[in-house]
Amino acid sequence: MKTVALVLLALTACASSDDGREAVVLWHSYAGEERAALEEVATAINERSTELRLVLVSVPHEALADKLTNAIPNGNGPDLFIYPGHDRIGDWVAGELIEPIEYYVSEATADRYSPDAIGAMAYQGSLYGLPLAVKSVALYYRTDRVEEPPATTDELLAMGRRLTTGGRFALVYDNADLYGHAAWLHGFGGRLFGGHGELTIDTPEAIAAARFAQQLGGDGGIVPPGMTGTLVSTLFNEGKAAMAISGPWLQAELEPDVPWKVASLPTVSATGQPAAPFLGAEGVFLSTRAHDMDAAFAIMDELAGDDSALRRARRGRQVVPNRSAYRVADIGGDPVLAAFQAQAEHAVPMPATPAMRMVWTPYETALQKIIGQGADPASALGAAEREIESYLQGAGE
Amino acid sequence: MRSRVPGAYWLCAALALVIALASFVAHRNRSYREREEARALAAARAIANRTTRSPDMVAGGLVAPAASPPRYPFLRRRTVDGRSLGGPGAPADDKLLYDIAQRATTHAIVEPADGDSARFVAAIPGPGGAVAVALVEPPSGPESLPVFLLLGLLALGAVLAATRRSALLAAGGAALAPVTFAWGGPVPAAATLLLAAAVAAARHAGLLTRASSELRRNRIAYTFVAPAALAMLVLVAVPFAVGLVLGFYDHRHGTYTFVGLDNFIQILSGGGHALSDPLNFYFTLGVTVLWTAANVVLHLTIGVALALLLRQTWLGGRGIYRVLFILPWAIPNYITALIWNGMFQSEYGAINGILHSLGLERVSWFSGFATSFTANVCANTWLGFPFMMVVALGALESIPRDMHEAAEVDGATGWQRFVHITLPHLRPALAPAVVLGAIWTFNMFNVIYLVSDGQPGGATDILVTQAYRWAFERGERYGLAAAYATLIFLILLVWTIVGTRVTRKERAA
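Chain order of the listed sequences is G and V. My numbering numbers the first residue of the first sequence as 1 and each following residue consecutively. My numbering numbers the first residue of the second sequence as 1 and each following residue consecutively.
Warning: the hint list may mix true and false statements.
[Unchecked claim] Simulated DEER-style distance windows between Cβ atoms:
#: 1; chain 1: G; residue 1: Pro73; chain 2: V; residue 2: Glu137; range: 45 to 55 Å
#: 2; chain 1: G; residue 1: Asn70; chain 2: V; residue 2: Pro400; range: 53 to 63 Å
#: 3; chain 1: G; residue 1: Gly239; chain 2: V; residue 2: Gly272; range: 28 to 38 Å
#: 4; chain 1: V; residue 1: Leu360; chain 2: G; residue 2: Pro73; range: 54 to 64 Å
#: 5; chain 1: G; residue 1: Pro73; chain 2: V; residue 2: Pro142; range: 23 to 33 Å
#: 6; chain 1: V; residue 1: Gly272; chain 2: G; residue 2: Thr143; range: 25 to 35 Å
#: 7; chain 1: V; residue 1: Val18; chain 2: G; residue 2: Thr69; range: 33 to 43 Å
#: 8; chain 1: G; residue 1: Asn74; chain 2: V; residue 2: Pro112; range: 18 to 28 Å
[Unchecked claim] Partial list, derived from the structure: chain G residues whose beta carbon lies under 7 Å from chain V:
#: 9; residue: Asn46
#: 10; residue: Val105
#: 11; residue: Ala108
#: 12; residue: Ser114
#: 13; residue: Gly125
#: 14; residue: Leu127
#: 15; residue: Gly220
#: 16; residue: Pro224
#: 17; residue: Trp249
#: 18; residue: Ser269
#: 19; residue: Gln393
[Stated by the list, open to error] Over the 10 Å line for every Cβ pair with chain V, so calculated as not near, a few chain G residues:
#: 20; residue: Ala36
#: 21; residue: Leu250
#: 22; residue: Val258
#: 23; residue: Ala263
Don't read these hints as lab results, they were simulated from the structure. Note that the structure is predicted; figures quoted are calculated from it, not measured. In this text, a Cβ means the ideal position worked out from N, Cα and C, and glycines have one as well.
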């Protein structure tokens with residue numbers, strides 16, 4: 001209720017502004033330094049522009065998706081919004097929430113971004129957003145326990161056995177979560193969907209990846225049992241884990257006295273392919289009910305522009321997809337940003353089809369059985385595929 | 001005053017006027033739309049046939065097929081009559097032309113151009129992927145409301161009604177029917193006629209007089225009840241009705257299709273899942289019944305035992321204990337559930353910590369059905385016993401002390417006194433508490449969702465959490481979830497009816 005009141009307040013505030021400039025309302029769910037960086041960008045845009053005014057409205061992250069799907073069709077939504085992933089584009093297109101923007105976007109604009117990042121914003125042959133940041137997991141390691149990060153999975157296992165002793169573990173990551181497991185899945189050559197959108201859950205590659213996860217996290221493994229996302233930062237901070245697989249957001253949770261570095265994930269020894277985590281592209285999207293499309297896009301273009309990217313990388317520590325940013329010394333030379341940027345080069349954009357939403361829970365149930373209870377990967381993944389298939393038929397995909 | 005127009009006529013005329021106006025607005029919009037669509041299509045056809053362009057057209061032309069740069073298949077540039085659409089300084093209507101050309105690849109489209117629907121745009125696909133697009137602006141607005149015609153008809157009706165004969169009152173009320181027929185067709189016209197006939201008949205039978213005098217007589221009572229009745233209607237009756245109806249629909253991508261009893265059949269036939277599969281309705285029902293029974297039994301035994309203990313006179317500081325035992329009840333249950341979930345964590349949870357320090361094996365609580373179910377029951381027992389304890393304490397207060405004293409004098413043992421005096425007095429108070437507690441437990445979403453979250457593999461899910469998962473985790477199958485909710489309601493309805501019967505007998509005995 002409080003946020004609804006805040007939103008209403010913000011909307012009335014901008015409607016009643018009388019400086020003669022047209023307001024463009026943007027919803028976002030940033031907090032902390034990311035929010036400060038966005039506010040800095042907004043101030044810069046508002047100082048430059050004589051006709052438009054960007055109004056930021058902060059919405060709590062966990063409420064953002066629901067608010068968008070409820071508010072936009074009723075005409076109460078924003079003109080623009082920032083969403084921390086591209087994986088719901090398919091849903092939004094089906095629900096007519098977002099406007100295709102290829103009318104506005106020139107080749108030169110598209111050239112600003114890394115191909116994966118702008119490609120993640122496309123769906124069924126249309127472009128639906130401009131990328132602001134890319135997010136993927138990478139390998140954090142404590143320099144007091146690990147000198148060189150492992151280059152291959154064989155090295156990881158060998159190192160892991162050395163480092164796992166007496167309540168201390170070599171590696172922590174959210175292994176019962178598909179997001180955490182995806183790096184191995186892709187590294188072993190597996191994918192969730194085939195070329196024609198068909199399910200490919202229990203392929204030999206996926207089974208090999210699940211067996212590897214079982215080796216890591218099962219009995220006698222190098223990952224503690226019963227892992228969840230919240231334990232990752234705790235164990236890494238306490239030194240009970242030498243390495244952690246997590247995203248840029250982990251930095252904020254690390255204690256100042258922990259010596260750490262970030263590196264790319266190791267290459268999968270069995271295939272020679274680098275482990276490739278999911279790539280989530282954070283983007284800015286244009287509402288189908290925007291009051292003035294041209295004005296809203298002009299703001300959107302600035303938000304995702306190179307000047308904004310520099311500010312967001314410096315202040316908000318975002319891994320921006322703008323290629324020009326990494327030619328600037330302080331960003332190209334930043335070890336953390338550069339490491340995540342390097343990992344983003346070996347990552348697989350998260351599928352944006354609505355079918356993806358049926359995949360998460362059954363796949364994670366299978367992972368729990370495989371890693372937690374030593375179930376046979378082939379039969380557990382087979383059961384997951386059948387379960388997802390039955391949901392897809394029910395939903396008429 | 002014999003010729004005064006009766007109130008019933010004005011009631012009838014007001015309703016008929018609403019129908020007539022609605023018919024007129026629909027008629028006006030339809031004919032306006034048809035006129036403008038024809039003009040837009042004609043303008044687009046002129047472009048497609050390369051004949052003289054229509055003077056109505058404000059923007060448009062032949063839009064060339066989209067060209068994509070090889071690296072970006074999702075960027076599609078288009079030109080109109082050789083000029084590139086969009087880009088810096090482009091005319092404001094360019095996006096309109098671009099968007100409709102994008103959609104009109106296989107069939108012609110004609111539609112309002114903007115939200116206010118004053119302008120219309122048409123697109124006709126031509127050979128080679130080119131699209132002829134025309135935007136037209138109307139030379140004149142839609143026709144205006146014939147106010148004098150309506151007033152005349154109403155006056156005519158009033159004259160007829162003033163004769164105070166029921167047949168002529170009906171005829172007067174129906175005066176608007178001919179124009180309604182012209183604008184809206186047979187359905188609204190028939191509605192107007194029926195309305196007139198119904199009002200005349202009701203007046204003839206004196207129903208209107210009786211209803212208005214009933215309202216007038218109990219005006220204060222109805223005024224007091226109205227806000228509460230309205231709130232109940234909006235907050236309880238409407239969502240309930242929507243939920244019931246939703247059970248007969250199937251939802252995919254924002255559209256609802258009527259599927260009759262399909263959802264119920266799918267659920268009650270087990271949906272093709274084996275009986276040992278948590279997705280089978282009967283499996284979940286079994287778990288839910290087991291869950292409810294285990295909890296109620298534990299709540300009852302622990303609650304009654306503690307209540308008896310707190311009645312003992314040798315126990316000091318009973319007031320403090322009483323408050324302490326009620327505390328679990330006072331804390332919001334989702335907080336308690338989250339704490340229990342943390343305590344059952346396999347590696348770092350408090351419970352395994354204790355087991356480990358006692359030299360016992362750590363238990364992976366949520367990977368087996370029995371242990372996961374136990375964890376849920378522990379959390380919910382903690383939450384549930386205070387209620388039973390409070391009810392039992394209240395009932396114990398009402399047992400006269402002299403009964404116990406008399407029994408003691410007669411040489412009854414403590415156990416005999418409990419069975420023959422305490423229990424019979426507790427039963428009438430506890431029976432409704434058990435009925436209520438069972439309903440709460442049956443629908444205890446928070447504990448299941450937050451403690452075990454259905455692990456392993458949905459086996460510890462109960463009916464409400466399954467319904468939730470169908471709605472929000474398995475592709476927004478709102479219809480199926482609503483059908484689940486209806487079934488839960490029916491089960492609890494039967495339970496409540498049976499429970500109340502038993503309670504009533506208990507009272508009577």
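Hints versus structure:
1. Pro73/G / Glu137/V: 45 to 55 Å: Violated, since Pro73/G and Glu137/V (Cβ atoms, about 29 Å apart) do not stay within the stated range.
2. Asn70/G / Pro400/V: 53 to 63 Å: Given about 59 Å between the Cβ atoms, the range holds.
3. Gly239/G / Gly272/V: 28 to 38 Å: Taking Cβ atoms as reference, Gly239/G and Gly272/V lie about 50 Å apart, which means the hint is violated.
4. Leu360/V / Pro73/G: 54 to 64 Å: With Cβ atoms ~56 Å apart, the hint holds.
5. Pro73/G / Pro142/V: 23 to 33 Å: Given range 23 to 33 Å: holds, Cβ gap about 27 Å.
6. Gly272/V / Thr143/G: 25 to 35 Å: The hinted range 25 to 35 Å is violated for Gly272/V and Thr143/G, with Cβ atoms some 54 Å apart.
7. Val18/V / Thr69/G: 33 to 43 Å: holds, 35 Å
8. Asn74/G / Pro112/V: 18 to 28 Å: holds, 19 Å
9. Asn46: Check failed: Cβ of Asn46/G comes no nearer than 21 Å to chain V, outside 7 Å.
10. Val105: Holds: closest Cβ of chain V sits about 6 Å from Val105/G, inside 7 Å.
11. Ala108: violated, 10 Å
12. Ser114: This interface hint is violated because 12 Å lies over the 7 Å limit.
13. Gly125: holds, 6 Å
14. Leu127: Constraint on Leu127/G satisfied, holds at 5 Å.
15. Gly220: Violated, because the Cβ-Cβ distance from Gly220/G to chain V comes to roughly 15 Å (cut-off 7 Å).
16. Pro224: holds, 5 Å
17. Trp249: Given a least distance of 21 Å, the restraint on Trp249/G is violated.
18. Ser269: Interface hint status for Ser269/G: violated (28 Å vs cutoff 7 Å).
19. Gln393: violated, 10 Å
20. Ala36: Label holds. Min Cβ-Cβ 31 Å, cutoff 10 Å.
21. Leu250: holds, 18 Å
22. Val258: holds, 19 Å
23. Ala263: holds, 26 Å
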